[in-house]
Each structure stands twice: as C-alpha cells, then as structure tokens.
Amino acid sequence: MKKAINIRMDETLLTDLDSYAKELERSRTYIIEKAVSTYFDTLDEMISDKRIDELKAGKTEVYSLEEVAQRLGLN
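Using this note's numbering, read the sequence shown as starting at 2 and increasing by one per residue.
These aren't lab readings, by the way, just hints derived from the structure by calculation.
Just so we're clear, the structure is a prediction, and the values are computed from it rather than from any experiment.
Heads up, the beta-carbon is just placed ideally off N, CA and C, and yes, glycines get one too.
Each computed EDC-like pair below joins lysine to aspartate or glutamate, with the alpha-carbon atoms no more than 20 Å apart:
1) 3 <-> 34
2) 35 <-> 19
3) 60 <-> 46
4) 35 <-> 17
Label-pair distances were calculated between CB atoms; the ranges are:
5) 31 <-> 11: 11 to 21 Å
6) 76 <-> 9: 53 to 63 Å
7) 51 <-> 19: 30 to 40 Å
8) 71 <-> 45: 26 to 36 Å
9) 46 <-> 68: 24 to 34 Å
10) 36 <-> 2: 16 to 26 Å
11) 19 <-> 71: 50 to 60 Å
Using the sequences and the accompanying hints, generate a full structural model.
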C-alpha cells in the first residue's frame, strides 16, 4: 500500500527529475522511490561507520553470544 507525502524540492532538481522521468517513461513517484531506496544503502553504510566509531571510542558495550544468552536465561 502506498501513502501520499508532500515534499518541497529545488526547482532545478525538479526539472532534472522530470527529465529523467520523461526519458525513462516513468512517473516522478517511480524515480523518487528508486532514488530513496538506493540511498538507503548509503545510509546503512553511514550508520555502520558511526557504530564502528562508537565502538572504537568506547561509547558502546559489546557482549558475546554466550553473555547475551546468559542474561536472557537461555542457557
């Protein structure tokens, strides 16, 4: 199920979006969905890098599988 959203976009970016949509014979929605979906891969990398930095800085605790199982009473 799709839900409607409203966005504001720079005019130049909108012109580019329309050009791509026309060239590919696709809707604006299709192009935006593909762009956002693809960008999620980049965001995943950014989050991974952030978490690694937090580990290196000692801001995050790491537990072994055995420790997790013990804390959850799964032994």
